[in-house]
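Asks: In order, the protein sequences belong to chains V, F, S and G. In this text, residue positions in the first sequence follow the working numbering: the first is 18, and each later residue adds one. In this text, residue positions in the second sequence follow the working numbering: the first is 18, and each later residue adds one. In this text, residue positions in the third sequence follow the working numbering: the first is 785, and each later residue adds one. In this text, residue positions in the fourth sequence follow the working numbering: the first is 785, and each later residue adds one.
Honestly, the hints are just simulated from the structure, not real lab data. Errors might be hidden in some of the hints.
Dumping the calculated DSBU-like pairs for lysine-lysine here, alpha-carbon to alpha-carbon at most 30 angstroms [what the hints assert, rightly or not]: (1) Lys168/F - Lys992/G; (2) Lys927/S - Lys992/S; (3) Lys927/G - Lys992/G; (4) Lys927/S - Lys168/V; (5) Lys89/V - Lys128/V; (6) Lys168/V - Lys168/F; (7) Lys128/V - Lys168/V; (8) Lys168/F - Lys234/V.
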Amino acid sequence: MPTNKTCHGFADAVSDIPDGASIMVGGFGGAGGLPFRLLTALRDHGARRLTIISNTAGVSMVTGFGWPKGEKPIDHSILFENGQVARFIGTYPVPGSVSLRNAFQAAFDRKEVALELVPQGTFVERIRAGGAGIPAFFTPTAAGTRLAEGKEVRTFDGRACVMERALRADFAFVRAAVADTLGNLMYVGSSRAFNPAMATAADITIAEVDRIVPPGKIDPERVGTPGVYVDRVVARSA
Amino acid sequence: MPTNKTCHGFADAVSDIPDGASIMVGGFGGAGGLPFRLLTALRDHGARRLTIISNTAGVSMVTGFGWPKGEKPIDHSILFENGQVARFIGTYPVPGSVSLRNAFQAAFDRKEVALELVPQGTFVERIRAGGAGIPAFFTPTAAGTRLAEGKEVRTFDGRACVMERALRADFAFVRAAVADTLGNLMYVGSSRAFNPAMATAADITIAEVDRIVPPGKIDPERVGTPGVYVDRVVARSA
Amino acid sequence: MSDPAPRLDRDLIAMRVAREFEDGFVVNLGIGIPTLCSNFVPEGVQVLYQSESGVLNYGPLAEEGRGSIDLINAGGQFVTPNPGMALFDSAEAFAMIRGGHIDVTVLGGLQVSRAGDLANWFLPSRGIGNVGGAMDLAAGARKVIVAMEHNDRTGNPKVVDQCTFPLTGARCVDLIVTDIAVIEVLPDERGLLLKEHAPGWSFEAVQKATGARLERSPSLAEFTFA
Amino acid sequence: MSDPAPRLDRDLIAMRVAREFEDGFVVNLGIGIPTLCSNFVPEGVQVLYQSESGVLNYGPLAEEGRGSIDLINAGGQFVTPNPGMALFDSAEAFAMIRGGHIDVTVLGGLQVSRAGDLANWFLPSRGIGNVGGAMDLAAGARKVIVAMEHNDRTGNPKVVDQCTFPLTGARCVDLIVTDIAVIEVLPDERGLLLKEHAPGWSFEAVQKATGARLERSPSLAEFTFA
């Protein structure tokens, strides 16, 4: 792995993503922690039949979730609108309000996209496991529900638990405040969310940051994702 | 749980530990991250037939591991010397050099103490699982070795993996640099080690810190163990 | 079937729920009525709010236009820091939830069964559901309180013998607070205990509005809020 | 059996191992000969050292009396920070190791078998072993190099047909570097390939000192250090 991971421009950062790739997208769902410049570059790049793995399938463009009033949200919806997604794995695909429809819902209704719904804690634990060399684990979450159907269930200490498998992707898009050229990432506030776990669980991890600094400029105590997990860093300010 | 978790004095902090208790002890093995004032208080308290869960069984008193030259190391050995331990679960029970004997080895040779040896990564993952509501997981580590004997083995993606169970304790002794009165802990450097995982996996977690500050004095970005996991904090400076 | 007296509004449901909070409790509030609970925490009780978004001990909502995109709750609202706040990632947020470190979660409900099964994530008429953190909270929180209307818009009971909607969790609910009743779910499927009813209501009136058999608490009383 | 020429010392073993490091590699060094490798990293190659103690990209050992108890490697030695260092807890340290994020680990060995099994944690004569992170490194690192003497103190071969000591990992070793040989463990139990021998040694002399059948590399040569 090169010791300078800086990538010049978002188009470059995503240029080798092939049709059929699986891509994790970080963030909780709002503006904070969402690598939307990478999403935009991927839309422009045009790769198709993608599997998108993310908490939401893009609800903020119709709800404003986690975006400041007055700003125009951008989210995963741009990929669904553009017909690039074949499969979505996540926890919160549609807006909370039944009266609002997002681009995922429209694509789903047209049967363009398959959905794998996962409880949020199981979702992030599967991703962490994917990065941590744990092929499978048991969790009490979802036992006795339809999200456990077809899965092995075993009782531990009197409690039914579901066996869940690790989740990995070809690419991860993560968002942090600052990167150094070695790929160390510093996060701010609740914008950590799924980013640190996803950074560990992809073959190629690409980080969208506000700025890139030389090694030594991020306090070692504040590194949220050690550089070993990160392949490319690209700055919004570049 | 009270909102002020300050405990006045180390003797107080350990006074309710009964005979037969299981106790996790944080740190990697050296002076950094080791709650040796709590160990000393436990020695003075005198509870017996303890299960000690820790990376080492106390090697620094005979090797100087992780202690500055000129300082006199204190470690788990004081409990083994005092005949308080019936069982040890850990990864590195004895000094690396065959020619050195620690108190654990002496107690083991006298058949006073049983040993459960666990690979270090499996050890911390079992503890994390114990705090995270994961009853069991699979790991490739130790497959095909004697440390996997008697354990379920299953193949995932062509690789033999061992099923490991979560590990919890009645008490955890952890060491951090600073605590606030809500129990938030801030760590420094490699003194994190096993402390953050252990803090999550005990019924009662007791943190030994340099100083206790009011809420708001620790940068929220620097909280290594959120206060929800911590029951008591006790300061060396008190 | 006509009601013997008015039903409580959402604020009063939230107010009654908040009486269950004890000093130092770590609380996770779902979206909807549960969110309102934070407005009614009793005097002298300090509650630490936890959110799936990776925050422990956040404060009130930020004033309009003053929030930060980097500090949201699980509903996507901008919140403010409390002194002693802690930030962490989603893996840690759910380790906390699933690991039993949350004292109370308050969730909305579509149905709760006699055994304490909860259905709250999937409305069959929509065809797609959001599960979010609900299943983890239902499985992991020490105490699960469901705050909801007692009946749906067409009058059907939401406290039922068996849930007909897909479950969020089996045997997970401890307490149900509705606009007419406070019902304890007795452990080991020993049934539902009516503990409080709204002013002007009676055991019989609440039973009539309910889809499962209720036991009468020996200390059955009107809702208390303080 | 007498040696045809001197054996290499520990520094030279470490120097040969360090030639396997490529620019940007993340490397975890075990205790003993492996630790010495950091002294011999080739010019122009930047290696990032990872330690089970929760550090990535630490620098040289601290000068006597100037170390901090809060910055140690897995051997308990005080190290110094490099620019771009990262700190984390043990759960993360081993997620990194087990998850395949370490390019190379260099471990000591008691025995390595023809199939690449490694035994290095348990000396039966002692009765107690330290396992530490060895099993996780053996299972998780992308490339496992064993650096050891070719024969034990009584002359018994340490490269053997089958390990008689308890295993650290099965089929995990990629490369063996000893004081007389560099041996590649071919995948899928296709045997051991002698690639280099110490100056003055021959294929036959190394084979004689070895407890398993060796294949001769077509490009068999003397040790190269630069």
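Asks: Compare the structure with each hint and give your call.
Replies: Comparing the hints with the structure gives:
With a C-alpha separation of about 39 angstroms, the suggested pairing of Lys168/F with Lys992/G is violated against the 30 angstroms cut-off. Restraint check for Lys927/S and Lys992/S: the C-alpha separation of about 27 angstroms stays at or below 30 angstroms, so the hint holds. Note on Lys927/G and Lys992/G: the hinted pairing holds, with a Cα-Cα distance of about 27 angstroms set against a maximum of 30 angstroms. Annotation: proposed proximity of Lys927/S to Lys168/V holds, straight-line Cα distance about 27 angstroms (limit 30 angstroms).
A threshold of 30 angstroms between alpha carbons decides the hint, and for Lys89/V with Lys128/V the separation of about 28 angstroms falls inside it, so the pair holds. Under the criterion of a C-alpha separation no larger than 30 angstroms, the hint pairing Lys168/V with Lys168/F is consistent with the structure, at around 22 angstroms. Distance check on the hinted pair: Lys128/V and Lys168/V sit about 25 angstroms apart at the alpha-carbon level, within 30 angstroms; holds. Restraint check for Lys168/F and Lys234/V: the C-alpha separation of about 46 angstroms exceeds 30 angstroms, so the hint is violated.
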